[in-house]
Amino acid sequence: MPDVTSDMSSDWMTAAEIAAAVKAKTMTALDATEAALARVKQRDATLNAFTDIVAERARGRARAIDAAIARGDKLGPLAGVPFAVKNLFDVEGLPTRAGSKINRDLAPAKRDATLIERLEAAGAVLIGALNMGEYAYDFTGENIHDGPSRNPHDPTRMTGGSSGGSGAAVGGGEVPLALGSDTNGSIRVPSSFCGIFGLKPTYGRLSRARSFPFVASFDHLGPFARSTADLALAYDAMQGPDEADAGCATRPLEPVHASLAQGLDGLRIARAGGYFAQNLFPEAREAIDRVGSALAVSKTVELPEAARARAAAYVITTTEGASLHLDRLRTRPNDFDPAVRDRLIAGAMIPAPLVDRAQKFRRWYRARVLELFKEVDVIIAPATPCVAPKLGQQTFVLDGVELPVRANIGIHTQPISFIGLPVVAVPIPLEPMPIGVQIIAAPWREDLAMRVAHALEQAGVARAPRPKDV
Amino acid sequence: MILTRPALTDSLDNYIDAVGSALGLTIDPAWKPAVRANLDVSLKLARQVDEFALPDETEPASVFSA
Numbered sequence: 000m001p002d003v004t005s006d007m008s009s010d011w012m013t014a015a016e017i018a019a020a021v022k023a024k025t026m027t028a029l030d031a032t033e034a035a036l037a038r039v040k041q042r043d044a045t046l047n048a049f050t051d052i053v054a055e056r057a058r059g060r061a062r063a064i065d066a067a068i069a070r071g072d073k074l075g076p077l078a079g080v081p082f083a084v085k086n087l088f089d090v091e092g093l094p095t096r097a098g099s100k101i102n103r104d105l106a107p108a109k110r111d112a113t114l115i116e117r118l119e120a121a122g123a124v125l126i127g128a129l130n131m132g133e134y135a136y137d138f139t140g141e142n143i144h145d146g147p148s149r150n151p152h153d154p155t156r157m158t159g160g161s162s163g164g165s166g167a168a169v170g171g172g173e174v175p176l177a178l179g180s181d182t183n184g185s186i187r188v189p190s191s192f193c194g195i196f197g198l199k200p201t202y203g204r205l206s207r208a209r210s211f212p213f214v215a216s217f218d219h220l221g222p223f224a225r226s227t228a229d230l231a232l233a234y235d236a237m238q239g240p241d242e243a244d245a246g247c248a249t250r251p252l253e254p255v256h257a258s259l260a261q262g263l264d265g266l267r268i269a270r271a272g273g274y275f276a277q278n279l280f281p282e283a284r285e286a287i288d289r290v291g292s293a294l295a296v297s298k299t300v301e302l303p304e305a306a307r308a309r310a311a312a313y314v315i316t317t318t319e320g321a322s323l324h325l326d327r328l329r330t331r332p333n334d335f336d337p338a339v340r341d342r343l344i345a346g347a348m349i350p351a352p353l354v355d356r357a358q359k360f361r362r363w364y365r366a367r368v369l370e371l372f373k374e375v376d377v378i379i380a381p382a383t384p385c386v387a388p389k390l391g392q393q394t395f396v397l398d399g400v401e402l403p404v405r406a407n408i409g410i411h412t413q414p415i416s417f418i419g420l421p422v423v424a425v426p427i428p429l430e431p432m433p434i435g436v437q438i439i440a441a442p443w444r445e446d447l448a449m450r451v452a453h454a455l456e457q458a459g460v461a462r463a464p465r466p467k468d469v
Numbered sequence: 000m001i002l003t004r005p006a007l008t009d010s011l012d013n014y015i016d017a018v019g020s021a022l023g024l025t026i027d028p029a030w031k032p033a034v035r036a037n038l039d040v041s042l043k044l045a046r047q048v049d050e051f052a053l054p055d056e057t058e059p060a061s062v063f064s065a
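One line per chain: the protein sequences are D and Y, in this order. Throughout the first sequence, residue numbering follows numbering that gives the first Met the number 0, covering 0 to 469 in sequence. Throughout the second sequence, residue numbering follows numbering that gives the first Met the number 0, covering 0 to 65 in sequence.
So that you can see chain D by itself, here it is in the shape it has in the complex (with noise of 0.2 Å):
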């Protein structure tokens, strides 16, 4: 085994570069994976972002890669990449325990989520699950059961959720690329506080296969990084339809990487106004300020009904989510973290008419905003109204207001996921915390939202900042 305690040169590499370096002989496969797992070890006392490893599968993989190279084979885009997972996909030989204690009664998995198959044929090494917020029923990286994933850049301080691990491993410098689940922001929410790019597709482009479920109507899975182009190679290392996903559309591939560099000619950018410009930290309103500047942003859209939107998410969320657990609910509720039990049994007594009629709104408010996609390319809107809380923490106040801390940090990604819409959340590198923005696109076209993700990031506007003591 290397030395890698003494040789952390791949720390702070992005995907590409690893891939670049081994393709190149270099660095190996091996070597790469060594080195995540030494960070890894060397890290997470403090970030707790991992729940699992899986050593020896990795350096299996890595060694596999290793003898490809030496035999002259063609490689994947992401060779000797080591990329880790939320654990609520499955990874064969774990049980899928989505941030429960319920679910580690599962039996192991007998095969990987799809998507983990489709990075590791590009070449990529899985290392390990990440923790998250229980059943993904979360907006702050808190668990009960495994404890909090801490945020990179202070660890005394939320990383978001429910992908707290994702956004804790990617920014905290462990892996440079990571998978995650989104529902109602728990991409979004994490790229943000934890200052890392994340990309949530069009509802319905990424297979969901083999991941434990939320709320069939919202979830999506995307990657983690902090890079555009890392970005962009796992999302087109996954796309594709998958028939075990009865979500997945039938489209054919259309790969982002190629057109990263297009730049900003032609495109027609608005900033999101009304809902989207209240509720806001002073560190939310200079970040948007900074991508509207860069970007030239002079046109303000309001997208209809906006906290309608947000309330009808909640409605289909809070009732869909109880319909999932409900056997659950009635046999293992002392199993449950209590506020996550005691929201879902609120859920499953909503009345079902409510529940038809927050779908009726989805499709009214989905026609609406696909309106305004007609006179603009992209949207831009704060990803979160504020930098990472602390842990723990139960409000803030805004305004003069006191807020529930909670029910708040979601309030800008929901009314966008709600009707399926592809996002790239951007990382601002404030001191001393990053805050994210997201950026909007049409739904299928996720290549305009990653071309402007791209553009502010050469520009050096968007940029994942290093914690301090990586």
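Accuracy of the hints is not assured; some may be wrong.
[As the list claims (entries may be wrong)] Simulated DEER-style distance windows between Cβ atoms:
hint, chain 1, residue 1, chain 2, residue 2, range
1, Y, F63, D, L371, 23 to 29 Å
2, Y, F63, D, T45, 34 to 40 Å
3, Y, D12, D, Q393, 23 to 29 Å
4, D, A351, Y, P28, 25 to 31 Å
5, D, T155, Y, D12, 34 to 40 Å
6, D, D10, Y, T57, 49 to 55 Å
7, Y, T25, D, A306, 33 to 39 Å
[To be verified] Calculated cross-link-like contacts (lysine-lysine; reagent style DSS-like; alpha-carbon spacing at most 30 Å):
hint, chain 1, residue 1, chain 2, residue 2
8, D, K389, Y, K31
9, D, K467, D, K40
10, D, K24, D, K40
11, D, K109, D, K40
12, Y, K31, D, K24
13, Y, K43, D, K24
The set of hints was computed from the structure by calculation and includes no laboratory data. Yeah, the Cβ is synthetic: ideal placement off N, Cα and C, and Gly gets one too.
With chain D fixed as given, assemble chain Y onto it according to the hints.
Quick look at chain Y alone, frame taken from chain D:
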């Protein structure tokens, strides 16, 4: 129109007991204040949606394709 706020406040505990029983959920009395608070928030948000008039022919977003 769903229940008005005072009626909701008065009736939520009975409602929780009745629906909990119908669904086979055992709700510890100690959990009830939190369940009630969550239900109150959920119904308040559901009311925001309920108050928005939509045409009768509006399809729900959850359309099934055969």
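Hints, one by one, checked against the model:
{"no.": "1", "hint": "F63/Y to L371/D: 23 to 29 Å", "result": "holds, 28 Å"}
{"no.": "2", "hint": "F63/Y to T45/D: 34 to 40 Å", "result": "violated, 48 Å"}
{"no.": "3", "hint": "D12/Y to Q393/D: 23 to 29 Å", "result": "holds, 25 Å"}
{"no.": "4", "hint": "A351/D to P28/Y: 25 to 31 Å", "result": "holds, 27 Å"}
{"no.": "5", "hint": "T155/D to D12/Y: 34 to 40 Å", "result": "holds, 39 Å"}
{"no.": "6", "hint": "D10/D to T57/Y: 49 to 55 Å", "result": "holds, 54 Å"}
{"no.": "7", "hint": "T25/Y to A306/D: 33 to 39 Å", "result": "holds, 35 Å"}
{"no.": "8", "hint": "K389/D to K31/Y", "result": "holds, 28 Å"}
{"no.": "9", "hint": "K467/D to K40/D", "result": "holds, 18 Å"}
{"no.": "10", "hint": "K24/D to K40/D", "result": "holds, 26 Å"}
{"no.": "11", "hint": "K109/D to K40/D", "result": "holds, 27 Å"}
{"no.": "12", "hint": "K31/Y to K24/D", "result": "violated, 62 Å"}
{"no.": "13", "hint": "K43/Y to K24/D", "result": "violated, 60 Å"}
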